[in-house]
Structure formats: C-alpha cells, structure tokens
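Visitor: Here's the letter readout for the chains.
There are 2 protein chains.
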Amino acid sequence: MPFVPPEVLLLGPGPSPTSTAVQRAQAMPQLGHLDPAFLPLLDEVQARLRSLFGTTNALTLPIAGTGTAGMEAVVANLVARGDRVVVGVHGVFGQRFAEAVRRRGGDVVVVAAEFGQPLALEAMTAAIAAGPTRLCCVVHAETSTGVLTRLEPIAASARAAGALFVVDCVTSLGGIELEFDRIGVDAAFSGTQKCLSAPPGLSPVTFSPRALAKAHSNPEPVPFYFDTRLLTGYFGPDRAYHYTAPITMLYAIAAALDEVVAEGMPARAARHREAAAALRRGLQPLGLEPLVKAEDATPMLTAIRHAHGVDDKAFRAFLRQRHGIEVGGGLGPLAGKVFRVGLMGHGARRENVLRALAAFGDALRAAGQRPDVSAALAAAGND
Amino acid sequence: MPFVPPEVLLLGPGPSPTSTAVQRAQAMPQLGHLDPAFLPLLDEVQARLRSLFGTTNALTLPIAGTGTAGMEAVVANLVARGDRVVVGVHGVFGQRFAEAVRRRGGDVVVVAAEFGQPLALEAMTAAIAAGPTRLCCVVHAETSTGVLTRLEPIAASARAAGALFVVDCVTSLGGIELEFDRIGVDAAFSGTQKCLSAPPGLSPVTFSPRALAKAHSNPEPVPFYFDTRLLTGYFGPDRAYHYTAPITMLYAIAAALDEVVAEGMPARAARHREAAAALRRGLQPLGLEPLVKAEDATPMLTAIRHAHGVDDKAFRAFLRQRHGIEVGGGLGPLAGKVFRVGLMGHGARRENVLRALAAFGDALRAAGQRPDVSAALAAAGND
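Going down the list, the protein sequences come from chains A and Z. Per this note's numbering, the very first residue in the first sequence carries number 1; after that it's consecutive. Per this note's numbering, the very first residue in the second sequence carries number 384; after that it's consecutive.
Worth flagging that the hints you see were computed from the coordinates, not collected in a lab. It should be emphasised that the depicted structure is a prediction, and the values quoted were computed from it without experimental measurement. Every residue gets a Cβ at the ideal spot worked out from N, C-alpha and C, and that includes glycine. Please note that the accuracy of each hint is not assured.
What the hints assert, rightly or not - Listed next, the stretches of chain A that the computed footprint assigns to chain Z, with coverage defined by at least 3 CB atoms under 8 Å from CB atoms of chain Z:
| no. | segment |
| --- | --- |
| 1 | 62-68 |
| 2 | 192-204 |
| 3 | 228-237 |
| 4 | 273-287 |
| 5 | 320-333 |
Turn these sequences into a full structure, and let the hints steer you where they fit.
Guide: Encoded structure:
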C-alpha cells in the first residue's frame, strides 16, 4: 500500500510547506549526475545560492545531507585539534555547534546567554580578543528560541583578531537578505527545509578563500565526504566524480530557487517580516506572549510561552489532531514551556497566521483558558 | 523556467531508473519528521531494510546522505586511531574505503588484487591473521569493475581473528539476496540509487551488537551527524530529535521497498542474474568482451572492454546523444579502457538489454567496427 501523508499545515521549526512546483520537480525521472543535461542545473543552483548568501565565493554548493551535515563539513575542514574556537551559545543549535567543534578536537570557549536572550556583544568581543582565536561561530537565527544574532559587530571582532567567522544560517537563508561578503562571513552552512521551502536533505554551504586556505592547510585529515577539494572537483569545472549527487533533491532546490528569484529576496524578506508581525499582534488577545522581544526576534520563527496551566503535549496534539497544524515544542530548558511557530518560505503567509491564531484560540479554550479569538484575528489582520 | 530532464535510459553505474510509483512518492507533501503519521513509515523502512540485509540488527536505518556518507558513518564509529584494519582493494571503491579508514587514523593494511580480478582469499586470510586486526573491510559488489566478492570465507577469517567484518554493499543491496547475520557481517552500508531504484540521497546502514559495542567504546569522538547513539535516539523508540529526516527521500525508499517486497527478493535476484546473462551472451557477436569472468562477476554491473581503436568518450557520447542511453566510463586504471553497464533494480530487464545491445552495435559501426547486431540480439534473447 503506498503511503499517503495526511494534510498537515507545517508551522513548526521545519520542514516548511513546499509548493506544488517543488513537489512536482522531485517526481521527474532521474538523470545521471554527470549527464550533460544535468550539469547546467548544478551550475545554476550554485550561482543562485551565491546570490542568496550574498557572496562571490567559488565554493558555494549544496552538500548531500541535512543542515547538520553542512555543520560537520564546515567544522571538519576549518577546525584543527587544539584550535581556540569561540562559540556563541544561547540555544540548542549553538550547543550543537559547540559540541561538533569539541568532537573535532577544538578548544571551545563558550560565550553563553540565556535561551531566548541575544548574545552579549561585549562578551563575544572579549572572548574573541582574549586568546589566539582561530574561529568564531554563531547561529544567525537560533531555531530553538527565535533569537536573531547581529552578525556585523561579531564579524568585525573576529576579523580584528585574525579569526575566521563561521555562521549557522540554517533558518535564515531565503528568509532574510544575507550579505555575507560585505559583513565578512568566512564560512556558513544552511538547510533547505526552512525558508527555501525545499525538502530536507541538502545543506547549502559556502567557504571564502580565507576559509579554504585554512581548510587546505588543516593538519587533520578531513573525512572523504566533506573534503572541500573533492567537493570542488565535482561542483567545479573538472566534474570529477566524488559521490553520486542526490538528483531529485537538486531538482527540488532548483525549483525552490526559481521561486525565490521570481519573488525577489527583498519582497520575500518583507513577506516573512509581515507574517511574523501579524502573528505577534494576535498573541496578546489570546493571553499569550512571545519568548523573545521584537527587536531581537527572527522573522521566521516565533517561540511562544505557554499560558499558565496549559499542558504542552496536549496543546500541540490538539492542534495536530483537530486543526491539522504542526507547531514545534520547546527544546532543552524550554521543553514544555514554549511552543514554536515557524512561518517559513511558502508557509509565511497571512492566511496561515489567521488559521493558526484561530486554532490556538480553540486549543486554549479546550485547555480552560479564555482567549479572545475575534480580537486576535482583528489584530493580526490589521497592519 | 522549470527544469525538465531529457528522457535517458540509465544503464550506468547508478543512479538507476526509478519506477513511476517511486517518482510520484517524492511529489507528496512534506510531513514533520516527528509527525505521528510519519513515524510508522520510518519503522517499516527499518524493518524492510533488516530483511534485505538479512539481519535482526536493531540499528538498521537509512542515513541522510549518499552511500559514501554511510561509509563515513561506519568508519567514524568503528575505527579508532591506530587500529589495524585490513582492506581488500581491487577497485576504486576499495581504494575509497581504505582512504576513509586512513583519514580516520586507522593503520590500513591493503590486500590488493588487479582491477577486474577477485581478491585472493589466502592473502586476505593471511593479512587478517598476521596482526591484532580490529577490522576487515571489503566491497561486496565492486562498482568500478563488476567483481563480486565471496563474503563467507573472509567473514570466517575475521571472526577467527576477533576482528569486525565490514562490508560495502552499495551496489548489491536489493539485487542479490544478502544473509549478513548468517555469514557474520558486523556492519555494512549501502545506497539507494542502485538495485533499490530509489533516488540517490540515503545510505542504509546496519551495525551488529558487536559493532555497536566497539562504537560505544571508541575513544575517538564521532561526528555528531554519524553518532550511533544519536541515530538510535531518533530511529528507535525514543524519537529524540537528532537531525531533520529527509522526508521525501524516505517516501521514495518506502515506495521502492514496497516494490521489492511485492516482487520478492528471490525473484528480484533472479531477474538481475538473467538480465546480466543476456547482456553477456550478446557481447561476443558485437566483438566485445566482459572484463570479468562470469564466475566472479556481479549480476548488476558489467564492465566491458572497449573494442580496439574505439574512443571511449566518443562511444559513450554517441550512446547518450543518438540512443538516449547512459553507460558509465572506466575509473582509475580502467579509464578509457572499459565502459560499464548497470542493469540495476527497475532497469534490470530484458528489453533494456536488447535496446542496449542494438545501440552498442550502432555505436561500434559508427566507430568503424563490424558488429553483428542480429546475432547479438538473438543470443541475448535466447535463454
């Protein structure tokens, strides 16, 4: 019996909903990964990813694996045993980044902030300046909390210290205009199932020439799969076989990037901002409040504190069963305390916000609260 | 402009052709990777992979990445710095396996045979017995040459020496009946774009309890992405978030496994054997000969020596342009000397063999040869 998924509106931390065009792209027949008709697609995907990252880096390509695979690729190439690496940690993905560096043998210096709070820039600057720092790592849009990190000042501190600046932009790529060359980001990794609205399974990465120089002089061997020279061998002009590219995933990201280009990044970023703002306006009448202050918040993910006495699991199960809506639970110290609403890519739309607010109201009523759904919808709808 | 691939019959070393059902499965909407409707699919995929590997190993699951990612997962978990690792090398994928172990810090002992020849079992046994061997690694179906390795005697030697026996079955899974528990295989990795006829992008892996014990006592940290404990956390009963599973790839492998179950592995293996035998019967009338003797050959990939004076690139380009057929080139020392014909999964069918032989004949005629196409088709068609 073929599996047929139920219809679920994906408003969690990812995967986000995919458009019909992106869905259909995956249903096309396979082509060989060295086929002359396939290779131009590969070049186009790389060019469009460069534009989204805001970079001219030659090594800008999608790795076969999810966002975490891209993190491993960046860490394996750029961290050598004993390197002092400053990592900003104010959420689960910062913890993960630090953990990956630690496993690679890096000497991790954590600059921590409370989950839901931004990183303290002075603390980052001081930590970077305090030692012979080789790398500085931050998460741009922390998916576990919805805090956005301001990259410019940290990039400047890293550059002043001679450190490489490395960014997890899994959740921001395609939802915020990125200007990594102008800011001075040396390497970054992302995912496809957030604001690009492609399926999970690829991780766009980019390495600056400075980052590549470090990778090429790394005394530790890099796993074959993540070796930048071998990746470049296939994605660059040589077209040397490295591993079999995931053909239909590449069809999907190409179709998703077509949509990004057709919409234009400024309009797409504005759409994300507007959807998040509408959601935030609708919370107070429901008796809910966001975890993160508006000025620190990401536009694609909003963590919302549960109303007092509301059970997280029951609340989310109600949304899924009665309303066909997925939202995310809290992670780490926020488990049970918040739920996370993603308005990402194809999902970042006013109609989804209104449907979600109505459903939240229904779930809160079922949990004995007294939400004012009319006021919530009116507030969200008026901009 | 949406990309539309040309129609190409994929008879190279992979990706193999996918069925309409597998193609359509990928076009279904995303579900969350923790959605209650998605998790049973994950369990079913694992159960069916266990059946294909011939194992009851609990840790049997598809890693998000291509076959090479599965290799990295196995190597990262099972190799510790300084471990003596015997690797059979008689093709490019044996070389790759050795290289991955070396990069991980293993002390690699290569047992080499000429490309196109089987491994010498006495040499393998002697190398395994010669030292405190921790691991023995071989490629079951060497995709670069089409040589099949007999696993039983090597497994026995490894077991006698107290070494783990690790197998690359990227190209054999789903095309040959595997009995890894009976034989004594401790860990293995595969791909989806060969005899499973799913798209590339997943790597089924399996670890025996003995292998897991080694992984858990490995003094070297394992990359987060490949950590068996974290993989088990998601794929096992805990359903703990590790990384976002590639949803549509999992739809595809589930649909592909449905087809394997419907056909039955014995019939599927017979179909692969019959297709390869038909191809071999058709070669001689064309003036071609296989690289590998029939008794050593894989049933899913046949490397064929180029006729004297035929240019490899021109020959393959002719097949692709005039006949819409992809075949593979030679790798390593066989580059330019052989071409590789994959009859894998959905592609392993008599009609594809006949079409291929007719096209080879046409390409040989264009290269100034005198192939007897009628005799080739008659020989292939008569079994």
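Visitor: With reference to the structure, classify each hint as holding or not holding.
Guide: Hint check results:
Residue count for the segment 62-68 of chain A with a Cβ under 8 Å from a Cβ of chain Z: 5. That meets the three needed, and the coverage hint holds. Coverage of a stretch by a chain is defined here by at least three residues with a beta carbon nearer than 8 Å to that chain's beta carbons; for the segment 192-204 of chain A and chain Z the count is 4, and the condition holds. Coverage of the segment 228-237 of chain A by chain Z is violated. Counting CB-CB distances below 8 Å, 0 residues qualify, and the rule asks for three or more. Using a Cβ-Cβ cut-off of 8 Å, 0 residues of the segment 273-287 of chain A lie near chain Z, which falls short of the minimum of three, so the contact claim is violated.
By the rule of at least three residues with a Cβ nearer than 8 Å to a Cβ of chain Z, the coverage given for the segment 320-333 of chain A holds, with 3 such residues.
Consistency note: the structure conflicts with the earlier hints numbered 3 and 4.
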